[in-house]
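Participant: Listed below, chain by chain, are the residues.
There are 2 protein chains.
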Amino acid sequence: MMDELPLEQVRTLLAVVDEGTFDAAASALHVTPSAVSQRVKSLEQRTGRVLLMRTKPVRPTESGEVVIRFARQLARLERDARAELGMGAADGLGPVRLPMAVNADSLATWFLPALTRVPQDPPVCFELYREDEGHTTALLREGQVMAAVTSSPDPVAGCTVRALGLVRYLAVASPGFAARHLTGAPARDLCEAPLIVFDRRDELQDAFVRGLTDGASGASRARHHVPTSEGFRDAVAAGLGWGLVPQTQADPLIRSGRLLELAPERPLDVPLYWQQWKLDSPALALVARVVAESAQESLRPV
Amino acid sequence: MMDELPLEQVRTLLAVVDEGTFDAAASALHVTPSAVSQRVKSLEQRTGRVLLMRTKPVRPTESGEVVIRFARQLARLERDARAELGMGAADGLGPVRLPMAVNADSLATWFLPALTRVPQDPPVCFELYREDEGHTTALLREGQVMAAVTSSPDPVAGCTVRALGLVRYLAVASPGFAARHLTGAPARDLCEAPLIVFDRRDELQDAFVRGLTDGASGASRARHHVPTSEGFRDAVAAGLGWGLVPQTQADPLIRSGRLLELAPERPLDVPLYWQQWKLDSPALALVARVVAESAQESLRPV
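If you're matching them up, the sequences are chains A and B in order. Letter by letter, the first sequence follows residues 1 to 302 in UniProt numbering. Letter by letter, the second sequence follows residues 1 to 302 in UniProt numbering.
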């Protein structure tokens, strides 16, 4: 199907999704809004599918996402080819861009030091998206990112996946918090004491508690949402609640006495995976290699 | 208008928006999908407006957002009244929830220490959303959050606004980066050297450069996106690019020699504001007072 798609229409669809409206796409492409509308309609007739939901901003349908991913991969290949031909700087193409999605705890611990090892000659621009794994998958599917660190081993269509290693999480709380809330049976205490979660979708703590209590998770108790990795750790250290913190972030605070480990016999190991487009991009291959090496040093073996 | 809205229909609309589909709302409310659909249609007939875009997930229209905000405020008032009447714990209502939106740099510096000063008796659950100010406004308008730290002084409908203070940003880079990229005229160097921005919408650095150069912003040079406050600072310290870092985060690294201040005569002061619902909630009033006090200690006076 793909090689029969009229590329001008495909690029127009991409512009509409990126700009959010037909009018904005028209002004970005220097054509009239009715030309934009006409091209999208032709593409929909040719593919026999509705490609855009006409919301504000517009959203691609599932079929639309396939075409959008194709459009982004096309733009990428074109850019790489031009860079290899030395056509980059001359016509303002700029450096290679590598959009990637990373979960917050990786970004706060091992991922950024890994990126600083990537040689910057020629320069490579890292465009990081900080996302939980559910949305990461959508970003890969739409082609918004070329690669992602995710906790899901299921490859997105058009992507390869490889295991990076395990992140160890420890259940911790401040000594003051433990003295106030954690004086009885450990499992019941952790089920009822105030809890910190990353956001509404963070189920790590609940899963941990269910493992201790044969199913009860204390869903109705006080729970704070603190949606940054460092803020989460700081909120635990400040005594707002208990929570699961990556061992590399918890260890210094445990040693200095600001955090107590609550269940030393029950660490939680979460596997991380690297997913990336099946695409022959030298810059992406270089980053993938450096990330895999750093993961091997920083994470626990699977 | 509001006091004539049938509350069962209003609550049903809220469930549809929160659950994302009519079917999910039906199962959350223990009624049939056709009952849900019927209630939403009746509410649309009564208000004379389309309230929902039938997308997946559904989205409220602008009129729908007004009703949704009313529904959330209603739920809040009911909850507060029941808590004051001592009906909280008895029927599993749980602690008071305070959803708030905060920009990333505030969350990484002064905001979390402020929250730890709020007495936790009775417990108050902080549900923090980390958002740039554009999306913050949408969260306030939909009633998803009750309050927000934002850089916009324009009050969202139904909200009050007050100034908190100024955050000072310093242009910084690592000494190695400065030796490689910043050896000529400062304004031209900052316009052309690799740059770190928070995300696609972060225009702080570009605005700063335009102020130095009479309008040029070097839009085509290498720019990395690092969407966490601590990661941004770490990426600058690692030499990936220069960037504007809050003074409280930059100062320790300037003192230890890991960062250089690039334009000591041109700090950038960004005002912050507190917006909150016009709603008589004791818990919200308490948090607003503590936040204002902490801002006065941590931020620069306006």
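These are computed hints drawn from the structure, not numbers from a lab. Please note: incorrect hints may appear among the correct ones.
Unchecked claim - Which bits of chain B does chain A cover? Going by a derived footprint, with three or more residues having C-beta under 8 Å, they are:
1) 70-79
2) 105-114
3) 167-177
4) 275-287
What the hints assert, rightly or not - From chain B, some residues computed to sit far from chain A (all C-beta separations above 10 Å):
5) Val10
6) Arg130
7) Pro264
Stated by the list, open to error - The calculated lysine to any residue pairs, modelled on SDA-like cross-linking and capped at a C-alpha distance of 25 Å, are:
8) B:Lys278 with B:Phe70
9) A:Lys56 with A:Ala138
10) A:Lys278 with B:Arg54
11) A:Lys56 with B:Thr47
12) A:Lys278 with A:Ser151
13) A:Lys41 with B:Lys56
14) B:Lys56 with A:Phe22
15) A:Lys56 with B:Lys278
16) A:Lys278 with B:Ser42
17) A:Lys278 with A:Glu261
18) A:Lys56 with B:Leu139
19) A:Lys41 with B:Arg54
20) A:Lys56 with B:Ala157
21) B:Lys56 with A:Pro57
Only a predicted model underlies this, so the values are computations on that prediction, with no experimental measurement involved. C-beta: ideal position from N, C-alpha, C; glycine also.
Participant: Lysine 56 (chain A) and leucine 139 (chain B): Cα distance at most 25 Å?
Facilitator: 16 Å, holds
Participant: Within a Cα-Cα threshold of 25 Å, do lysine 56 (chain A) and lysine 278 (chain B) meet the stated pairing?
Facilitator: 28 Å, violated
Participant: Are the Cα atoms of lysine 41 (chain A) and arginine 54 (chain B) separated by 25 Å or less?
Facilitator: This hinted pair holds, its Cα atoms lying about 21 Å apart.
Participant: For the pair supplied as a hint, lysine 278 (chain A) and arginine 54 (chain B), confirm whether the alpha-carbon distance does not exceed 25 Å.
Facilitator: Distance ~35 Å between lysine 278 (chain A) and arginine 54 (chain B) Cα, so the pair is violated.
Participant: Please verify whether lysine 278 (chain A) and serine 151 (chain A) have alpha carbons no more than 25 Å apart.
Facilitator: 19 Å, holds
Participant: Confirm or reject the statement that valine 10 (chain B) sits farther than 10 Å, beta carbon to beta carbon, from all of chain A.
Facilitator: Valine 10 (chain B) is indeed farther than 10 Å from all Cβ atoms of chain A, at 22 Å.
Participant: Quick one: work out the minimum CB distance from proline 264 (chain B) to chain A and report holds if it exceeds 10 Å, violated otherwise.
Facilitator: With a cut-off of 10 Å, proline 264 (chain B) remains clear of chain A, as the shortest Cβ separation is near 26 Å.
Participant: Sort out whether phenylalanine 70 (chain B) lies within 25 Å of lysine 278 (chain B), counting only the CA atoms.
Facilitator: 12 Å, holds
Participant: Does lysine 56 (chain A) pair with alanine 157 (chain B) here, judged by a C-alpha cut-off of 25 Å?
Facilitator: 20 Å, holds
Participant: Do the alpha carbons of lysine 56 (chain B) and phenylalanine 22 (chain A) lie within 25 Å of each other, as the hint requires?
Facilitator: Judged against 25 Å, a Cα distance of about 20 Å means the pair holds.
Participant: Are there three or more residues in the segment 275-287 of chain B whose C-beta lies within less than 8 Å of some C-beta in chain A?
Facilitator: violated (count 0)
Participant: Tell me if chain A covers the segment 167-177 of chain B under the three-residue, 8 Å CB rule, please?
Facilitator: violated (count 0)
Hints 1, 3, 4, 6, 10, 15, 16, 17 from the list above are not met by this structure, while the remaining hints are.
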